[in-house]
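In case you want the letters, here they are:
Protein chains: 2
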Amino acid sequence: MLKKIIIAVDAMGGDNSPEKVVKGVCLHSKNTQNAYYKIFGDLEKIEKMIPKSFSTSLYEIIHTKEEVKGTDSALSAAKRGKESSMWKAIDSVKNNESDIIISAGNTGALFVIAKLNFKMIENIDKPALSGLWPNKNGTNIVLDLGANIECNEKNLADFSLMGSALFKALFPDQSPKVALLNIGSEEIKGNEIIKNTYKKLSNQSNNIYEFKGYIEGNEMMSGNVNVIVTDGFTGNVALKTAEGTANFITGELKKAMTGSLMGKFLTALNINNLKKRLDPRLYNGAILLGLDSAVVKSHGSTDHIGFANSLELCVKIVSGNLIDKIKQSID
Amino acid sequence: MLKKIIIAVDAMGGDNSPEKVVKGVCLHSKNTQNAYYKIFGDLEKIEKMIPKSFSTSLYEIIHTKEEVKGTDSALSAAKRGKESSMWKAIDSVKNNESDIIISAGNTGALFVIAKLNFKMIENIDKPALSGLWPNKNGTNIVLDLGANIECNEKNLADFSLMGSALFKALFPDQSPKVALLNIGSEEIKGNEIIKNTYKKLSNQSNNIYEFKGYIEGNEMMSGNVNVIVTDGFTGNVALKTAEGTANFITGELKKAMTGSLMGKFLTALNINNLKKRLDPRLYNGAILLGLDSAVVKSHGSTDHIGFANSLELCVKIVSGNLIDKIKQSID
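Protein chains in written order, with this note's numbering: chain A, 1027 to 1357; chain B, 1027 to 1357.
Think of the hints as simulated: they come from the structure by calculation, not from any bench. Be a bit skeptical, because a hint or two may be false.
One copy or two, either will do: identical chains are not told apart, so a pair holds if it fits within one copy or between any two.
[As the list claims (entries may be wrong)] Calculated cross-link-like contacts (lysine-lysine; reagent style DSS-like; alpha-carbon spacing at most 30 Å):
1. K1221 x K1180
2. K1221 x K1095
3. K1095 x K1215
4. K1071 x K1091
5. K1071 x K1215
6. K1141 x K1342
7. K1056 x K1141
8. K1120 x K1064
9. K1152 x K1225
10. K1152 x K1091
11. K1215 x K1180
12. K1152 x K1221
13. K1162 x K1221
14. K1215 x K1120
When you get a sec, could you build the whole thing from the sequences and use the hints?
Rendered as structure tokens:
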């Protein structure tokens, strides 16, 4: 029998919590054999929500008195102290009682509390926030999505290795292909940091990933590469612009469909296929890389299905030995 | 009778030129009363393409021996000298024989040759490339899209004024609302330059535009603002990411439609409305701002319809007194 993967779940963060978290845990447990959930949060509230059919051999609830609010600043959340569900969940990983932490709560607070408790992996200077992003052939890892506004050559090279390790942990049958996000005008192809990183990655041979050079924003979803590296400012703008564009087109599409009833109906049928492919819940879960334990951040506004997907991401990260892979690649 | 607006047209740049340029000019002339076209390029080729119905009172052809290639570096194009269609067209504006220049050719070359020939507007330090971008309520101006990788507070403040002047020239009935593109994580809300620009724009009252603060990538198309200011690196990545996302969704939509023939047919009907709204040809034409004449760059890959739309952009820029508006706003 497989060793159970123990997930420390902060149940009190994000919209409609703890309900969506509890429902997400129940949904995930139906589709997996080897997860055990330590659920941190308000015992009374959580107990009420757990269906009787959910075996107590699969979970435990650890009561916490405090919770980090979405409106807390990262520092005030950290100062609020060690009694919050978020802190306790992280503590559980730190004490080797859990394998990985997940929260749908306050992003800034989660990262500050994680950094206070976990060590950086040796030789990594900055942690990076990585996300999943659809492409024509499958899935991209994109990092950094906002943990570091400014990055130097060493940081971007580290992100290439960490992103590749994550890709390999999640998709063991595929090979990481790294590209640097850059701009297209020939006149002004990138700043000095990007050019130097290009040289660095071109010259250093490794057996972790294949370096494919620069990529422009319009090629990110082409499927020619699968690990896209950039600084946190650019990555965040790119991610949000893609989200905004997708929402805009979906909105306009709905407007366009109001022509005929039959058209509405059939278009809806056809678009269901599209929705399945592009459902943001499929790509839910950003991963903070660089600490000696991965930290998974579920989108605050996702529902229980999205939360269940990011629980599966936790399972894959642990069973794919992500942290060992990163450590080996950095050596 | 209205004074004719004289457009200097570089006929030799971009895919399928001069044919698409000539066709674009003919199409545009049918829908406008007050444009006159000075067409710079290969006389023999162009003459063959012009229909007999196109009155010679509406245009002239100025034969040029050289053309800038898409593969030329900006500097080698400039060194190629003053005999190219691009240089001659710019020269025509410099000598007050034309009101504005348009080209679908090599972007880098166009900007270098324009900078060599036109003066900067007083008190503007850097020119910016601005583009049109759909939003829920109409159209955004976004700048800089790639002319300057790094920008300081003064540059971004100048872009706010120039972008607002352009907005007002194109949409005289609407009011410019400026926002700075930034990232969303509270922890790390922007770099020092953006924060300082925010302060600068908040403190300086003006009657040119309303300053609406920061905007994130996902809100760019919400329609709450209409002039979006950023540095050229971020702007270029955002623009290209939006393009890539739109293409990806369109591609996936086509795949999703292959379900049923009837579905295909009806979806196609419905999507025509959408296409009309999102047709990139509607937004064709980037404008280099900051020189004492606007320079309009048509997308190299657009067709004659897209080119005709950017000719109309030229008419609006001249009749909207863009350059005067910029000069007044900078004073």
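task: First find the shortest C-alpha distance between K1215 and K1120 inside one copy, then the shortest across copies, and answer within, between, both or neither for a cut-off of 30 Å.
output: Between copies only: 29 Å across chains, 43 Å inside a chain, cut-off 30 Å.
- prompt: With identical chains treated as interchangeable, where does the CA-CA distance between K1056 and K1141 reach 30 Å or less: within a copy, between copies, both, or neither?
  reply: Classified as neither; 33 Å inside a copy, 65 Å across copies.
message: When Cα atoms must be at most 30 Å apart, do K1095 and K1215 count as within-copy, between-copy, both, or neither?
response: between (42 Å within a copy, 19 Å between copies)
- prompt: How would you label the pair K1215, K1180 (within, between, both, or neither) given a Cα cut-off of 30 Å?
  reply: both (20 Å within a copy, 23 Å between copies)
field: K1162 and K1221: within-copy, between-copy, both or neither at 30 Å Cα
entry: within (27 Å within a copy, 37 Å between copies)
- prompt: Between the shortest in-copy and the shortest cross-copy C-alpha distance, which are at most 30 Å for K1221 and K1095: within, between, both, or neither?
  reply: Answer is between: at 25 Å across copies they meet the 30 Å cutoff, but 41 Å inside does not.
field: Copy assignment of K1221 with K1180, given that the CA separation must stay at most 30 Å
entry: Classified as both; 12 Å inside a copy, 26 Å across copies.
Homomeric proximity label, K1071 with K1091: Cα distance no greater than 30 Å: within (12 Å within a copy, 80 Å between copies)
message: For K1120 and K1064, with the copy left unspecified, which applies at a CA distance of at most 30 Å: within, between, both, or neither?
response: This pair counts as within: shortest intra-copy Cα distance 14 Å, inter-copy 73 Å.
field: 30 Å Cα threshold - placement of K1091 relative to K1152
entry: neither (32 Å within a copy, 56 Å between copies)
message: I want to check one pair: K1152 and K1225. Are their C-alpha atoms no more than 30 Å apart within a copy, between two copies, both, or neither?
response: both (21 Å within a copy, 29 Å between copies)
- request: Evaluate K1152 and K1221 at a C-alpha cut-off of 30 Å and name the case that applies: within, between, both or neither.
  value: both (20 Å within a copy, 23 Å between copies)
Taken one by one, the earlier hints fail for this structure at numbers 5, 7 and 10, listed in ascending order.
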